[in-house]
Each structure stands twice: as structure tokens, then as C-alpha cells.
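> We have chain A already, so just place chain B on it with the hints.
Listed below are the residues making up each chain.
Protein chains: 2
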Amino acid sequence: MADHVQAIRDYWDTAERRDWDGFAATLSPDVVYDLPQTRERVIGRDRYLTFNREYPGDWHVAIRRVVTDDAGGVAWTDVRVGDEHVNAIHFFTFDDAGLITRVDDFWPEPYDPPPGREHLVERY
Amino acid sequence: MADHVQAIRDYWDTAERRDWDGFAATLSPDVVYDLPQTRERVIGRDRYLTFNREYPGDWHVAIRRVVTDDAGGVAWTDVRVGDEHVNAIHFFTFDDAGLITRVDDFWPEPYDPPPGREHLVERY
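Taken in order, these protein sequences are the chains called A and B. Just so we're aligned: the first sequence equals residues 1 to 124 in the numbering used here. Just so we're aligned: the second sequence equals residues 1001 to 1124 in the numbering used here.
Looking at chain A on its own, in the form it has when it is part of the complex:
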């Protein structure tokens, strides 16, 4: 099994440095990128590279947690744009060569807690 932890770290490290050749080297030519929240899909390494190169904003990524197994892995990251921080969660699937064949990407946004559970929770 390839080193999926290192591959995920390479993915984020090259993205953070805008090293698009290095970023492309983590991807299968047939990679599929899926955003279930917007029901968008980007198919193929070339389009996915362009998607990331053109992504607006001066974003910066810090890895909070990586979990991997034989099939792939997941990264929970803190993405900062200016003073704003958002969580992002990327599920990765790899081929036998250790290249990324699929990314399922989630961007959970803040929301107001529903009423009725104040007796059980603390806010922070």
C-alpha cells in the first residue's frame, strides 16, 4: 500500500504553495472531484487543476487531522481567507500507484443551534 498520509500531506502542501506541478503529481489523469453540497463535479486532472488555480481568494490551508486506510483517506482542514476560518473535509480515494482518483469535498458552514437542548450543551 502506498503512503496515503504522505500523499494527502503532499496534496495540501503543494496547494498551499501554489506548486501546481507538484499538485498535479498527486492526481490520477482521470480524477473525479465531487461537491455533494452543490451537486457539482469536475472530471479529469486538467480541469481540476484549472479549478484550483482559478479558485478566488488568498486562501491558506492548515491540516487538522488526517485518517487513512488501504483504500484512501480523509483530511479535516482549517481554511483561512483573511481573518475568516472555515472547516473543510476531503475524502480521498487512491489507485494502486498512490494517485488520487476521487475527492469528495465538504464545506460545513456555521449555523444557529436549534432550541431545546440548552440543558445538555455548553457553547464556546
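Hints are computed from structural coordinates only; laboratory data are not their basis. Honestly, I wouldn't trust all of these hints.
To be verified - Beyond 10 Å from chain B on every Cβ pair, some chain A residues (computed):
#, residue
1, TRP12
2, GLU16
3, HIS60
4, ALA97
Unchecked claim - Example chain A residues on the side facing chain B (calculated, C-beta under 10 Å, incomplete):
#, residue
5, ASP34
6, ARG41
7, TYR48
8, GLU54
9, VAL66
10, GLY72
11, ASP112
12, HIS119
13, ARG123
We put the beta carbon where it would ideally sit given N, CA and C, even for glycine.
Relative to chain A, chain B alone:
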């Protein structure tokens, strides 16, 4: 290392069956449940059990993917309430006995895609 895949499946299987004794058996007495989107935290097994028992709605859970390593794991689930489906992502941390000590829980909701990337994406 304990079987974290099985522990996560037990967590969801017992929750789905409302087997609260079985659910409690997956948890450390000191478990911390954290919802970063609402900045809510539930501390301790008793409160966390009550939080789940009292959770409103006829919800049903289907596991989509589980990834684990020595420290813990993550589950991506499809949660259905009536005809509505939402994704949920739970990061788990375990103690040496295989009990859950921490859950970081995300509920990414649908949103409209931003303009400017229509040339790169397909919708589904």
C-alpha cells in the same frame, strides 16, 4: 489496536436501532461531543446519551464510508428524515480500550454554487 471499524459500525447500528444500552457501551464515561458549526459541546456519556435519545425526528442512518487508523476514525453517513437526505461526517477518537472519547461532528448543508466555474463543472 482495537477494531475501530467495528466500533464505529456498532455506534451507528445501535443508534439506528435506538439500542441506547448498546450505544452507551461504545462510549467512554468522559466522552466529549463537539459541533464546530454551532460551537456546541456535550460533555460526558450521560448527557450525550440524553442528547441522542431526545434528538427529534424519525431519523435513519446509512453508512457511506468509514476510514480508521490507530488513533480513531471517521464515518461519512447519509441521514434520512422522511424523504430528506443529509450528509453527516463524524470524526471519532478512541482510548486504548476502544471506547469513544471524542466525536467531532459536521453537518454540511446544500448551498448554491458560486458563479465563474461553469466551464469546469458538471451538475448532477
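> Each of the hints needs a verdict: does it hold here or not?
For each hint, the structure was consulted:
1. For TRP12 of chain A, the condition that its CB be more than 10 Å from all CB atoms of chain B holds, with the nearest at approximately 16 Å.
2. The claim that GLU16 of chain A is not at the interface with chain B holds, since no C-beta of that chain comes within 10 Å of its own (minimum 21 Å).
3. The non-interface label for HIS60 of chain A is consistent with chain B: the shortest C-beta to C-beta separation is roughly 18 Å, beyond 10 Å.
4. The beta carbon of ALA97 of chain A is kept farther than 10 Å from every beta carbon of chain B, the shortest such distance being approximately 20 Å.
5. A hinted interface residue such as ASP34 of chain A counts as satisfied when its beta carbon comes closer than 10 Å to some beta carbon of chain B; here the least separation is about 9 Å, so the hint holds.
6. The restraint placing ARG41 of chain A at the interface with chain B holds, with a minimum CB-CB distance near 5 Å, inside the 10 Å limit.
7. At a threshold of 10 Å, the smallest CB-CB gap from TYR48 of chain A to chain B is about 8 Å, leaving the interface hint in force.
8. Checking GLU54 of chain A against chain B: minimum C-beta separation of about 7 Å stays under 10 Å; hint holds.
9. Because the closest C-beta pair between VAL66 of chain A and chain B is about 9 Å apart, less than 10 Å, the hint holds.
10. The beta carbon of GLY72 of chain A comes within 7 Å of a beta carbon in chain B, closer than 10 Å, and the hint placing it at the interface holds.
11. Residue-level restraint check for ASP112 of chain A holds (minimum Cβ-Cβ distance to chain B is 7 Å; threshold 10 Å).
12. Interface hint status for HIS119 of chain A: upheld, as the beta-carbon distance to the closest one in chain B is roughly 9 Å, under 10 Å.
13. Interface restraint check: ARG123 of chain A against chain B, minimum CB-CB distance 6 Å, threshold 10 Å, status holds.
Taken one by one, the earlier hints all hold for this structure without exception.
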